[in-house]
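*Asks:* One-letter residues, chain by chain:
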Amino acid sequence: MNIKDYIASGILEEYVMGVTSEQETQEVKCMSHIYPEIKAELLKLEDALGQYARLYERKPSTTLKDKIFAQMEFKGHEESKESVEEESTASVVKVVPLWSKISIAAAILLGIYAGSLYYDNQQTKADMNALSARMTEMDKQNAVNQDFLAMYKNADMKIVKLSGKEISPESSVDVFWNQKSQEVALNVLNLPKPESGKQYQLWTIVDGVPVDMGMIDKDFQGKILKMKATAGKVIAFAITLEKEGGSPSPTLEKMYVMGLV
Amino acid sequence: MATNLVKYTEESLVISLKENDKKAFEHLYDNYSSALYGVIYKILNNEEKAEDVMQEVFLKIWRKINEFDPSRGRLFTWMINIARNSSIDLLRKEKNVFKEDIEDSVGKVDRLFSESKEISHIGIKDLIENLKPERKDLVDLVYFQGYTQEEAAEKLSIPLGTAKSRIRVALQELKNYFEL
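Respectively, the protein sequence lines represent chains H and V.
If you want the numbering used here, it's the position in the first sequence, counting the first as 1, plus 12.
If you want the numbering used here, it's the position in the second sequence, counting the first as 1, plus 13.
One thing to keep in mind: the hints can contain errors.
Listed below are the simulated DSS-like cross-link pairs for lysine-lysine, each with C-alpha atoms no more than 27 Å apart in a straight line [said to hold, decoys possible]: (1) H:Lys56 <-> V:Lys145; (2) H:Lys56 <-> V:Lys106; (3) V:Lys77 <-> V:Lys31; (4) H:Lys71 <-> V:Lys62; (5) H:Lys87 <-> V:Lys20; (6) H:Lys71 <-> V:Lys77; (7) H:Lys56 <-> V:Lys62; (8) V:Lys31 <-> H:Lys41; (9) H:Lys113 <-> H:Lys170; (10) V:Lys62 <-> H:Lys77; (11) H:Lys41 <-> V:Lys177; (12) H:Lys79 <-> V:Lys35; (13) H:Lys51 <-> V:Lys62; (14) V:Lys35 <-> H:Lys87; (15) V:Lys106 <-> V:Lys145; (16) H:Lys245 <-> H:Lys173; (17) V:Lys31 <-> H:Lys87; (18) H:Lys79 <-> V:Lys77; (19) V:Lys31 <-> H:Lys77.
In case anyone wonders, no lab produced these hints; they're calculated from the structure.
My request is simple: use the sequences and hints to build the entire structure.
*Replies:* Next comes the structure, spelled out in structure tokens:
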């Protein structure tokens, strides 16, 4: 996309007037971060509209200021709210009665005995193999899910939701961004299968400049994808479709998802 | 206007506001309340309601100042959008804005201009001459009345494309005017 065309398209005027859709609003915000020319134009338009609004300046009544400030609390004036006593937490000891331990043990023994009788059968052994194969698979998937869950629950982890752009509104990717280590991983919720010879590439926008964050594994479904760690003040993440192995700078027309941090 | 001795750049003002510093909020009020109140009044056209909304808006600015990100635009733009949104919300709640006749809006604007002597020094006449009424009406409908472009086009009985291009031209004119 040509920046001049973007500026001339009228979307910036619509943005400052507050009539862009949510998606367009996100787009303008991101574009203005990436391109200083767009940001400069946007600021000029905002200033112009602000100046226009200022033409209607009008003094509120003199009593209003006190009325408003009486409802505000400021630094150094807050009342101490720390004094609330912490509730004493009695330590809870889990008591498991003996009879229940014995009955569980008995049930397990009975189960093993019944099982050994049953599985003597050859046929059943074959079933067991198939079952155990499936179990291993499910364990694996379960482990991945557990990993995902741990990522979502991790307090150090900032989750940045990347939502689909025009070319692929259904696309959606979650970025796990560790605020301590700056490590980044992805959970691809929905991205179209790339055509052959193409591969998705992750970018961050740092100081208005796109920075390569690594290529996304072609087999990206249902696993945690470790990417490069961020550096600098990141303002957005985006994914574009590039030639296999990646490009030095993003192809904007092929931006599939984007999200501000 | 301001009685504060502290001098602020926009940057240092924002930092002090985020620290919940009383002096900074007083400075903010002294310097921006007329602009914010002007917008609110322009939208609601009623002193009492405008003062209620002004209170709500200033308290909202105070409560939400930490959500303001200076890298994404100016403080003034952010505040004026809060003022606009709160006022337009009330307007929407209170009446069906689409029943208001456009002539009324235009009349109101003219009245405001003639009433307000404070603004004459800014060269408002030049601006009005620069901004054609047909464009100004559109800007005011959308910016001060919260119309979508589609609603504004329908109201003025012009095609949507015309409305869009008029708004674009009007803003470019405003931009060029204020850039000088």
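*Asks:* The structure should be examined with respect to each hint, and the outcome stated for every one.
*Replies:* Hints versus structure:
For a cut-off of 27 Å, the pair hint linking H:Lys56 to V:Lys145 stands: about 20 Å separates their Cα positions. With a C-alpha separation of about 32 Å, the suggested pairing of H:Lys56 with V:Lys106 is violated against the 27 Å cut-off. Between V:Lys77 and V:Lys31 the alpha-carbon distance is near 9 Å, which keeps this suggested pair within the 27 Å criterion. Between H:Lys71 and V:Lys62, the direct Cα distance comes to roughly 14 Å. Compliance with the 27 Å bound is thereby established for this hinted pair.
Distance hint between H:Lys87 and V:Lys20 is fulfilled; the C-alpha atoms sit about 19 Å from each other, no more than 27 Å. Of the pairs offered as hints, the one joining H:Lys71 and V:Lys77 holds, with about 24 Å between alpha carbons and a cut-off of 27 Å not exceeded. As the CA atoms of H:Lys56 and V:Lys62 are separated by approximately 31 Å, the hinted pair breaks the 27 Å bound. Taking the CA atoms of V:Lys31 and H:Lys41, the gap is near 22 Å; set against the 27 Å cutoff, the hint holds.
For the suggested pair H:Lys113 and H:Lys170, the alpha carbons sit about 43 Å apart, so the restraint of at most 27 Å is broken. The suggested pairing of V:Lys62 with H:Lys77 holds, with an alpha-carbon distance near 16 Å, which does not exceed 27 Å. About 20 Å separates the Cα atoms of H:Lys41 and V:Lys177, which keeps this hinted pair within 27 Å; it holds. In summary, the hint linking H:Lys79 to V:Lys35 is supported, as the alpha carbons are separated by about 15 Å, within the 27 Å threshold.
Restraint check for H:Lys51 and V:Lys62: the C-alpha separation of about 35 Å exceeds 27 Å, so the hint is violated. Between V:Lys35 and H:Lys87 the alpha-carbon distance is near 7 Å, which keeps this suggested pair within the 27 Å criterion. Distance hint between V:Lys106 and V:Lys145 is unfulfilled; the C-alpha atoms sit about 31 Å from each other, more than 27 Å. With a C-alpha separation of about 18 Å, the suggested pair H:Lys245 and H:Lys173 falls inside the 27 Å cut-off, and the hint holds.
About 10 Å separates the Cα atoms of V:Lys31 and H:Lys87, which keeps this hinted pair within 27 Å; it holds. Proposed proximity of H:Lys79 and V:Lys77 is supported: the alpha carbons are some 19 Å apart, at most 27 Å. Straight-line distance between C-alpha atoms of V:Lys31 and H:Lys77 comes to about 20 Å, which keeps the hinted pair within the 27 Å bound.
The structure fails hints 2, 7, 9, 13 and 15 (numbered hints given earlier, in ascending order).
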